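Number of protein chains: 2
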Amino acid sequence: MTRTPGELEAALRQIGAERYHILHPFHELLHSGGCTKDQVRAWALNRYCYQRIIPTKDAILLARLDDVEMRREWRQRIVDHDGEIDDHPEGGLRRWLALTDGLGLDRAYVTSMRGALPTTRFACDAYVAFVRDRSELEAIASSLTEMFSPAIISQRVSGMLAHYDFISQDTLRYFGHRLSQAPRDADWALDYVKRKAVTAEQQEAALDALRFKCAMLWSQLDALYHVYVSGYPCPGAWQPGEALVAEAA
Amino acid sequence: MTRTPGELEAALRQIGAERYHILHPFHELLHSGGCTKDQVRAWALNRYCYQRIIPTKDAILLARLDDVEMRREWRQRIVDHDGEIDDHPEGGLRRWLALTDGLGLDRAYVTSMRGALPTTRFACDAYVAFVRDRSELEAIASSLTEMFSPAIISQRVSGMLAHYDFISQDTLRYFGHRLSQAPRDADWALDYVKRKAVTAEQQEAALDALRFKCAMLWSQLDALYHVYVSGYPCPGAWQPGEALVAEAA
Chain C
0 MTRTPGELEA ALRQIGAERY HILHPFHELL HSGGCTKDQV RAWALNRYCY
50 QRIIPTKDAI LLARLDDVEM RREWRQRIVD HDGEIDDHPE GGLRRWLALT
100 DGLGLDRAYV TSMRGALPTT RFACDAYVAF VRDRSELEAI ASSLTEMFSP
150 AIISQRVSGM LAHYDFISQD TLRYFGHRLS QAPRDADWAL DYVKRKAVTA
200 EQQEAALDAL RFKCAMLWSQ LDALYHVYVS GYPCPGAWQP GEALVAEAA
Chain U
0 MTRTPGELEA ALRQIGAERY HILHPFHELL HSGGCTKDQV RAWALNRYCY
50 QRIIPTKDAI LLARLDDVEM RREWRQRIVD HDGEIDDHPE GGLRRWLALT
100 DGLGLDRAYV TSMRGALPTT RFACDAYVAF VRDRSELEAI ASSLTEMFSP
150 AIISQRVSGM LAHYDFISQD TLRYFGHRLS QAPRDADWAL DYVKRKAVTA
200 EQQEAALDAL RFKCAMLWSQ LDALYHVYVS GYPCPGAWQP GEALVAEAA
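As they're listed, the protein sequences go chains C and U.
Just so we're aligned, residue 0 is where the first sequence starts under numbering that gives the first Met the number 0, counting upward by one.
Just so we're aligned, residue 0 is where the second sequence starts under numbering that gives the first Met the number 0, counting upward by one.
Hints are computed from structural coordinates only; laboratory data are not their basis.
Treat the numbers as computed from the prediction; the structure is a model and nothing was measured.
All residues carry an ideal CB built from backbone N, CA and C; glycine is no exception.
Ranges of calculated distance between the beta carbons of each label pair, as one might list FRET restraints:
(1) C:P88 - U:T110: 49 to 57 Å
(2) U:T35 - C:E17: 23 to 31 Å
(3) U:R106 - C:L178: 46 to 54 Å
(4) U:K195 - C:E135: 37 to 45 Å
(5) U:H176 - C:D37: 43 to 51 Å
(6) C:R12 - U:R106: 28 to 36 Å
(7) U:D186 - C:L160: 57 to 65 Å
(8) C:T1 - U:D207: 43 to 51 Å
(9) C:A97 - U:T1: 36 to 44 Å
Chain C regions said to be covered by chain U (calculated; three or more residues, Cβ under 8 Å):
(10) 118–129
(11) 221–228
(12) 233–244
Construct the entire structure; sequences and hints are all you get.
Structural data, given as structure tokens:
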């Protein structure tokens with residue numbers, strides 16, 4: 000079945016309504032104040048791996064784009080995460096490290112990704128491989144979780160500020176910037192997908208790309224929940240107490 | 000620090016003693032009779048994905064080997080999993096499907112891997128990528144979990160036969176064959192690794208390859224436990240009741 004552009008958008012939004020990680024029990028716990036400080040540390044430490052691969056997957060797609068206008072558009076995403084050449088303003092990856100710093104995690108340990116859960120690494124690597132190996136349409140469609148991110152960011156930021164005394168507006172500054180960046184990127188990508196996915200096969204591929212992306216985000220929170228909330232062992236993963244530099248005030 | 004071949008073997012065995020999935024709570028549950036039939040189905044359905052990529056990763060390594068003797072040795076692994084050309088005897092993949100058949104799972108559903116947990120797919124894909132992208136030494140060292148498999152297979156087979164009336168010697172025939180195949184393969188690979196990993200750097204790479212492999216096996220059981228034992232939702236994954244063809248006797 001071939002969808003109109005409007006029907007395709009509705010089908011994409013439906014995937015978000017059913018599969019985006021705003022529905023995950025770990026998100027619920029995090030924004031409602033149910034996490035311990037160590038659980039928030041585990042989340043920030045693991046999510047660094049995801050932050051880390053975003054400019055990588057964007058650079059891979061940049062290298063695949065033929066059109067100079069598209070490359071200029073897509074390059075902005077790398078600037079957003081890596082920062083301007085002169086580091087003013089700082090990029091998203093630095094802002095994420097402000098959060099892990101604020102949680103008292105050793106920065107070299109965080110960036111080494113040694114203590115991250117293997118499932119986190121596998122999910123992030125799957126995203127890089129997806130953007131490398133699939134069509135341009137699928138690679139761009141997989142970014143469409145940004146359509147749903149303002150809602151989860153708002154919940155996360157207001158909930159975390161309200162419930163955790165070890166979290167501040169400053170250490171969460173990554174998300175403030177994403178609130179303006181993500182909708183701009185999502186608008187562009189959604190317009191592209193609606194214009195380019197015209198056959199039934201292309202539309203299914205775009206929908207599957209978004210399902211894949213939701214699954215890779217969900218998989219990361221599953222692993223976090225299993226090990227740091229349910230409390231099952233994971234050999235080699237970060238243990239509470241490890242790699243702390245100082246107790247944040 | 001450079002190890003003697005004997006010290007390297009001891010270090011490899013120590014990794015197994017600390018990280019092999021014989022230590023995982025899901026294995027404990029499975030062989031002790033603590034699983035429901037649906038949990039055994041979820042395990043067999045997901046593990047099909049792992050079985051499926053074994054001949055693929057072996058073919059990738061086969062294509063990378065320069066030496067004809069090594070290629071003949073490694074080719075046997077593909078025969079073991081895919082079967083002889085005339086299908087006598089059948090290969091390991093067919094034997095695995097005898098198990099999922101015996102559990103009443105629809106074969107086309109199993110082989111489509113549609114209902115598998117995303118984490119399972121990401122872990123399996125990570126193994127294929129590892130064998131493709133790392134050195135020959137690391138690719139071969141990552142197979143060394145076979146040193147530890149006779150112990151887990153023995154526990155699994157005797158425990159499952161004793162505790163589950165829906166499991167028979169015939170549906171578990173995959174494991175009987177692995178009890179002779181795995182030690183032969185492991186002996187060859189261990190001898191290769193002990194001969195080729197001579198510098199400290201090579202030895203660390205071999206040890207890390209085995210740690211990686213243990214983590215990809217562990218990650219799969221974590222996901223199974225989280226969703227099918229702890230009972231958390233996973234959008235798109237197999238649900239008990241789905242894709243059953245007939246109740247096994």
